[in-house]
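> Go ahead and model the full structure; you've got the sequences and the hints to work with.
Top line first, the protein sequences correspond to chains A and B.
Everything in the first sequence is counted per our numbering, starting at 746 for the first residue and increasing by one.
Everything in the second sequence is counted per our numbering, starting at 746 for the first residue and increasing by one.
The set of hints was computed from the structure by calculation and includes no laboratory data.
Mixed in with the good hints, there may be bad ones.
A pair counts as met if it fits within one copy or between any two copies, since identical chains are not told apart.
Pairs of lysine to aspartate or glutamate, EDC-like flavour, derived with a Cα cap of 20 Å [unchecked claim]:
#1 Lys792 / Asp756
#2 Lys749 / Asp809
#3 Lys871 / Glu785
#4 Lys904 / Glu832
Keep in mind the model is a prediction, meaning the values are calculated, not measured.
Number of protein chains: 2
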Amino acid sequence: MLPKALLDAIDALGRLPGVGPRTAERYAYFLFRTNPTVSETISDALKGLHSGLKSCPKTFALIDSDKSVSEFYDDPARDRTSVLVVEEPLDIYAIEATKQYSGTYHVLGGAVSPIDGITPDQLHIKELISRIAEDCVREVIIATNPSVEGESTALLLQKLLAEKYPDLKITRLARGLPLGVDLSYADQITLSAALSNRTSL
Amino acid sequence: MLPKALLDAIDALGRLPGVGPRTAERYAYFLFRTNPTVSETISDALKGLHSGLKSCPKTFALIDSDKSVSEFYDDPARDRTSVLVVEEPLDIYAIEATKQYSGTYHVLGGAVSPIDGITPDQLHIKELISRIAEDCVREVIIATNPSVEGESTALLLQKLLAEKYPDLKITRLARGLPLGVDLSYADQITLSAALSNRTSL
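What follows is the structure, encoded as structure tokens:
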């Protein structure tokens with residue numbers, strides 16, 4: 746019943762994550778009403794997305810497809826003996842925004858999750874283990890998400906790394922109260938962690 | 746810092762209505778991770794959106810660009826003497842889904858809204874007025890949204906139409922309780938309308 750061009754756009758936009766038919770309809774109708782350059786810009790950007798991007802073979806960060814290795818790895822100002830391990834490529838930019846870290850990164854590509862069928866061998870753990878010897882890594886900072894999957898991935902990594910490299914320093918991001926959260930709203934686990942990791946003033 | 750192809754996709758997707766930088770990032774990263782055919786499908790659909798769609802010159806419904814007039818107008822089963830007036834083209838499909846209406850439609854293209862700078866002359870009111878004479882319309886059903894803008898547009902239309910065509914029947918969609926809403930949660934205006942428009946059992 747709907748005109749084909751509109752139906753096609755609604756169907757296509759409905760494949761974005763978390764976008765249902767109503768939202769897709771809203772997006773499509775908005776794009777039809779607004780200046781045609783907007784849909785052209787989106788169309789062109791999506792066309793170039795896969796050809797313009799690839800994974801760094803060392804860190805598995807996202808890089809421009811004309812580069813061979815991530816800037817987080819080949820920049821001489823980066824300390825290769827420190828590796829911060831994250832689940833997803835975009836997590837790197839959250840850490841970079843703190844301007845507190847000058848080591849390199851390693852993207853696992855997810856977290857171990859039996860429910861979603863993600864097993865340890867689907868993550869870039871093997872590559873992490875070989876990097877540690879190659880780059881004489883002295884510290885691995887595990888920065889997986891504070892979720893069930895992230896925690897179990899962290900424990901697994903800790904076990905695998907400690908077995909293979911007994912002298913390696915393995916740390917993880919501190920657990921504690923986030924800025925601006927009222928004490929009475931903090932969950933039990935966060936509060937316990939904040940208490941046992943308390944720092945002297 | 747982010748690879749250019751990803752930045753471009755995030756910027757472009759961030760132009761969709763209600764999509765902020767975080768959601769755009771999520772969409773772009775999802776599209777990069779998933780099968781490339783998905784971003785191609787979206788890209789192609791958006792490219793064809795403007796070339797494949799146009800407004801019907803009679804009803805202002807959206808039509809395939811190779812058609813001259815909307816199927817809601819040229820279908821002989823449609824009763825042209827009844828015109829249901831809506832704000833936006835997609836409202837038509839909500840009415841169609843009831844399978845209760847076999848007249849034609851007229852899309853205003855919005856509602857009068859001084860705040861958004863939408864004046865009556867930007868809406869397709871003139872075209873509605875001429876259709877009434879051309880098609881010997883006997884009833885106009887006003888189905889603008891039950892919002893401040895929709896209500897004032899309905900009142901304006903009623904005034905303009907009644908002036909020009911004193912014999913025209915002008916109705917509007919009933920106000921009352923929607924299905925499944927608890928009486929105690931209904932707002933005052935809806936409840937007043939439901940009470941004064943009560944029907945006999």
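> Confirm or reject each hint.
Each hint, compared with the structure:
1. Lys792 / Asp756: The answer is both: 17 Å in one copy and 14 Å across copies each meet 20 Å.
2. Lys749 / Asp809: between (36 Å within a copy, 7 Å between copies)
3. Lys871 / Glu785: Result: close neither inside a copy nor across copies, 42 Å intra and 33 Å inter.
4. Lys904 / Glu832: Within. Shortest intra-copy distance 17 Å satisfies the 20 Å Cα cut-off; inter-copy 62 Å does not.
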